[in-house]
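Participant: Residue strings, one per chain:
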Amino acid sequence: MRDRGIGSGGALAWFFQRLTGILLVPIVLVHLLTMHNWTAHGLPWAEVAARLSNPYWKVLELTFLVVALYHGLNGLYAVLQDYVRRPGWRLTCYSLVTLAGLVLLAFGVVTVVGFPRAELLQSVAQSATP
Amino acid sequence: MQRTFRIFRFNPAEDQEPRYETFTIEVQESWTILDALNEIKWRHDGTLTYRRSCRHGICGSCAMMINGVNDLACEKQVAQIRGTITIEPLKSFPIVRDLLVDQERFFENLRLVKPWLIARTPPPTDKERLQSPEARKLLDGTWQCILCGACTSSCPVFWDNDNFLGPAALLKAFRYVADSRDEGLDARLEALDSKYGVWRCHTVFNCVEACPKALNPTDGIVQLRRRLISEKL
Ligand code: FES
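Residue numbers (my numbering), protein chains in the order written: chain A, 1 to 130; chain B, 1 to 233.
Derived from the structure by calculation, the hints contain no laboratory data.
Small disclaimer: the values here were computed from a predicted structure and weren't measured.
Think of the CB as a built atom: it goes at the ideal place given N, C-alpha and C, for glycine as much as any other residue.
Mixed in with the good hints there might be a few duds.
Said to hold, decoys possible - Derived Cβ-Cβ restraints for the label pairs, each shown as a range: (1) A:I22 to B:L138: 25 to 31 Å; (2) A:P44 to B:I229: 30 to 36 Å; (3) A:Y56 to B:D219: 26 to 32 Å; (4) A:V103 to B:K91: 55 to 61 Å; (5) A:M35 to B:P12: 25 to 31 Å; (6) B:I229 to A:T92: 50 to 56 Å; (7) A:T34 to B:E17: 40 to 46 Å; (8) B:T203 to A:L62: 28 to 34 Å.
Unchecked claim - Derived contacts from chain A toward chain B, CB cut-off under 10 Å, selection only: (9) A11; (10) H31; (11) A68; (12) G72; (13) V79; (14) L80; (15) D82; (16) Y83; (17) R85; (18) G88; (19) W89; (20) C93.
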């Protein structure tokens with residue numbers, strides 16, 4: 001019986017790939033210009049710390065984290081689907097990609113939310129106050 | 001004028017491996033590739049096998065790979081190509097013999113998208129199901145498909161994925177989905193909105209380059225996607 005791939009259509013995966021792709025354009029630009037600052041003065045720790053203690057910057061970096069992870073891993077899974085044909089192996093790939101996503105997300109969230117360490121509590125308190 | 005043709009030969013009943021055979025023949029200025037193949041078959045080697053019927057680009061029988069590009073043998077002119085002309089069967093279909101391929105998978109995919117008008121509304125009793133000229137115009141670029149398979153066999157996703165419907169079937173689906181008289185989107189969803197339907201296309205655009213009728217299957221696929229997404233949201 002021919003596998004028609006019914007069910008997991010891929011409409012949402014396709015749609016969110018486009019959506020995240022569009023979001024990534026401005027976010028990556030801002031990220032590159034601020035975090036990969038190649039101008040003369042380099043990237044002092046204090047500058048990064050100052051920026052990341054601002055909740056708006058944190059929200060931006062967290063958005064970047066989620067959007068980039070989704071876009072990258074969803075794209076990777078789309079490519080894998082072209083090469084991996086056995087349903088069992090596909091499920092394995094899907095699980096590994098999802099797991100990688102979750103682990104990287106956890107690392108990312110801890111890094112962004114908890115940076116800079118000394119001001120962790122303060123910044124959490126800041127972003128919690130309406 | 002002498003021209004050299006390097007032709008893919010394979011007879012699964014006898015040959016272990018495909019091989020290429022070279023024929024140098026006298027051709028006329030105005031000949032198509034099909035004329036040259038006929039000349040070879042009729043005067044040089046009667047065992048050369050290929051499919052053709054109408055010899056004027058309408059039946060879709062004679063699609064093959066000519067110097068690496070899918071085209072209709074009966075439309076491609078010998079004079080359009082310089083040097084040796086290599087002729088091979090359409091990629092990714094099982095070879096029956098020489099340039100003749102088994103297109104069953106291609107037609108099975110076509111059947112899956114239900115390529116006919118699906119209408120629940122009963123037709124008017126006094127006239128045909130009419131359509132405005134504007135609505136009819138929307139179908140231009142879809143109905144001209146002659147089902148030759150040049151696009152589908154040029155698609156890398158189709159080469160690699162046994163279940164992908166391929167550009168021809170998807171363009172045909174779009175031809176009906178875009179038809180103002182058709183009410184069959186639901187009936188086609190199972191095939192279209194699947195892992196092997198519109199979402200599998202990677203917009204490689206090979207199909208657009210391959211189509212001998214200058215149609216744009218990728219555009220049809222993208223419009224189908226838009227329709228499916230707006231249907232979902
Ligand atoms: S023979 Fe009919 S399309 Fe070429």
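Participant: Tell me the hint numbers this structure goes against, listed in increasing order.
Facilitator: Structure breaks hints 2, 3, 4, 5, 6, 7, 10, 11, 12, 14, 18, 19, 20.
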